[in-house]
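> The primary structure of each chain is shown beneath.
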Amino acid sequence: MTGRPSTGTMVISAVVALLVLLPAFGSDFFIDFVMTRTMMLGLAASTIVFLSAYGGMVSLAQWLIFGVSGFMIGNAVAEAGHGLKLGWNPWVAVIFALGIATAVAFVLGALSARTIGIYYLMLTLTYAVIGFLFFGQVTTFSGFGGVTGLDPPGFFLDHPKRLYYAGVVLSVIAYVTFRAVARTSFGIALQGIRDDPVRMSSLGFNVPMHRMLAFTLAGFVAAIAGVLNVWWNGQIDPTSISIGPTLDLLIIAVIGGIAHLEGAWLGAFVFVAANNYLRDLPLVDNIGITEARFNTVIGALVLLIMVLSPDGLMGIIEKVRAAGRRVLGGPTGPTTAAPEPRLRRTSS
Amino acid sequence: MTIDPPSDPLLRLRSVTVAFGGLVALAGVDLDVVQGERLAVLGPNGAGKTTLFNAVAGDIRPTGGTVEIRGVDCTLLPSRRRPTLGLARTYQKTRLFAGLSVEDNLYLAQCGKEGSHFKLWRHGREAFWRERARVAAGRVWLSDQFDVLVGDLSHGQQRQLEVGMAVVTQPDVMMLDEPASGLSRGERERLTELLTDLAAEETLLLIEHDMDVALKVAERVVVMADGEVVASGTPDEIRGDPLVQEIYLGRQR
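So the sequence lines, in the order shown, correspond to chains A and B. The opening position of the first sequence corresponds to residue 1 in the working numbering, with each subsequent residue numbered one higher. The opening position of the second sequence corresponds to residue 1001 in the working numbering, with each subsequent residue numbered one higher.
Please keep in mind that the hints were generated in silico from the structure rather than gathered at the bench. Do not rely on the hints blindly, as some may be mistaken.
Stated by the list, open to error - Listed next, the stretches of chain A that the computed footprint assigns to chain B, with coverage defined by at least 3 CB atoms under 8 Å from CB atoms of chain B:
hint: 1; stretch: 242-252
hint: 2; stretch: 303-317
Said to hold, decoys possible - Over 10 Å on every C-beta distance to chain B, these chain A residues come out as not near it, computed from the model:
hint: 3; residue: Ala14
hint: 4; residue: Ala110
hint: 5; residue: Leu170
hint: 6; residue: Gln191
hint: 7; residue: Asp196
hint: 8; residue: Leu213
To be verified - Pairwise CB distance ranges, derived in the manner of DEER restraints:
hint: 9; chain 1: B; residue 1: Val1034; chain 2: A; residue 2: Pro5; range: 53 to 61 Å
hint: 10; chain 1: A; residue 1: Ile116; chain 2: B; residue 2: Asp1144; range: 32 to 40 Å
hint: 11; chain 1: A; residue 1: Val172; chain 2: B; residue 2: Val1034; range: 52 to 60 Å
hint: 12; chain 1: A; residue 1: Phe134; chain 2: B; residue 2: Gln1092; range: 28 to 36 Å
hint: 13; chain 1: A; residue 1: Pro5; chain 2: B; residue 2: Thr1066; range: 55 to 63 Å
hint: 14; chain 1: A; residue 1: Leu301; chain 2: B; residue 2: His1209; range: 36 to 44 Å
In this text, a Cβ means the ideal position worked out from N, Cα and C, and glycines have one as well.
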């Protein structure tokens, strides 16, 4: 309502500026293995947050859509090995992969549009399991060995920083888009459906259609993240979309705070950083194989964050900000202390 | 008791029956409502008043009979098709969007009726709807809470907004399910004023336990008991009807 940007906007702008400048002083390892992955996983997790925070749908199928997109890239560009081996231009493959993955999201979204709550979670988990088994067993598209030897387009080949910047740019676009969508007729209606679908029907809205379209939009964004992932990894196999990684994405969203879009990237950063730096801690070291070690660390981390704040790290940040406001005597009130998607509209 | 069928009813119910398994909630209700009529539906708890509303608004599908709005048979039409036919209803138990502001709640009510559900850009009617939301908020005394999240409103304020959700769309038929419940005495008086001030062509169906509100606003009263219409008449007739007194106050020993 006023011309002055809010504190939240300024903090986010500062974080984006930091992300842009980061390659100037961060190590190559940090940029490539921590930050690029943070951007990809954050982008994918933001689709869970979008559906949950604005639509009231907790989806476990986002990682599947992410994977479908990756497998389609693999099938389209690979010239040897498993899959269709179409050997297409990598940019054509991107259009193909985004198209197929979005179409899959459309169909799955339509199938689950009348389901809510725990049943929605279970149904989308079912999709994830079906997808994992499909790519594992249908050797036409992959088989358990996966599709390997996939090069990104020449622009990104051997330029890990360019891939990082692609992650940053796409993340910012997705973040701004999700926030903007939430203020359109469609987005406000979606939030109405989150709060009371029965009333929305009686007001004249087609509730399943809204749910399906929101899921399709989220699927498109998850598919973009899937493309980045395959460019970064150079390969994709069905194990990477099994239940474990599927749940990891939900864990990322929950660590960050599933009611806040920003939380997706924050959660992804903590997750990836823990994965890279915390597995060599002295005590955890004794647990043997790396994967079990990592799961122990991340499990303890999730437990700690959930005990401190059910709303994840963003919830902790909100609490600190509210406490700061109380101490400094700044403006307080029920509307400003509300979680992010419930914030009052600042423009009208 | 039968009701004289007025000419060209806006709303026509013919032997509408709703059964939940073996429980018959509505046992063949006939009702005609003409344009501009103010009708109050009275009856004790469990009489089937809300079920009648649900059947008319499409929230439940009748097991038998027909519901016509402007001569269109919409018995099997889903609830989301009703607002475009000019129907708006409120709920006895508040059904609002707690995570959205008062403004956005009122905005959505208009959006639902007039389309543009999937717009991803600002459109011409947006400003008009926002302005109408502001006016409607004023009519239900929520001007000061226009930007407040509905979840942060008091119970009484939420009841006011519940009425506002119907008022804002300027429907042809407004169905209010116990709008005065949860309101203070002063707010009830203001609600009565609001309802008596409605435009003459607006049709009102009202379920209300508060006789002061119901009998002041209504021109015609229908009394229900056990899923049937047992009495009908002007407020004065109903006040004196021994059957109604028996239903409401119990049999004299």
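> Each of the hints needs a verdict: does it hold here or not?
Taking the hints in turn, this is what the structure says about them:
1. With 0 residues having a beta carbon nearer than 8 Å to a beta carbon of chain B, the stretch 242-252 of chain A misses the requirement of three or more and the stated coverage is violated.
2. Look at the stretch 303-317 of chain A against chain B: 0 of its residues bring a Cβ nearer than 8 Å to a Cβ of that chain, fewer than three, so the hint is violated.
3. Distance check for alanine 14 (chain A) against chain B: the nearest CB is about 27 Å away, which clears 10 Å, and the non-interface claim stands.
4. Every C-beta of chain B lies more than 10 Å from that of alanine 110 (chain A), the closest at about 15 Å, which supports listing it as non-interface.
5. Every CB of chain B lies more than 10 Å from the CB of leucine 170 (chain A), the least distance being 19 Å, so the non-interface label holds.
6. The claim that glutamine 191 (chain A) is not at the interface with chain B is violated, since a C-beta of that chain comes within 10 Å of its own (minimum 6 Å).
7. Taking the minimum C-beta to C-beta distance to chain B, about 5 Å, the non-interface status of aspartate 196 (chain A) is violated against the 10 Å cut.
8. Some Cβ of chain B comes within 10 Å of the Cβ of leucine 213 (chain A); the nearest lies about 7 Å off, and the non-interface call is violated.
9. In this structure the hint that valine 1034 (chain B) and proline 5 (chain A) lie 53 to 61 Å apart at CB holds, the actual value being about 55 Å.
10. Judged by the Cβ atoms, the range 32 to 40 Å given for isoleucine 116 (chain A) and aspartate 1144 (chain B) holds: they are separated by roughly 34 Å.
11. For valine 172 (chain A) and valine 1034 (chain B), the hinted distance range of 52 to 60 Å is satisfied, since their beta carbons lie about 58 Å from each other.
12. Between phenylalanine 134 (chain A) and glutamine 1092 (chain B) the CB atoms are about 48 Å apart, so this pair departs from the stated range of 28 to 36 Å.
13. Distance hint check: the CB atoms of proline 5 (chain A) and threonine 1066 (chain B) are about 57 Å apart, consistent with the given range 55 to 63 Å.
14. For leucine 301 (chain A) and histidine 1209 (chain B), the hinted distance range of 36 to 44 Å is not satisfied, since their beta carbons lie about 54 Å from each other.
Violation of the numbered hints given earlier is confined to hints 1, 2, 6, 7, 8, 12, 14; the remaining hints are satisfied by the structure.
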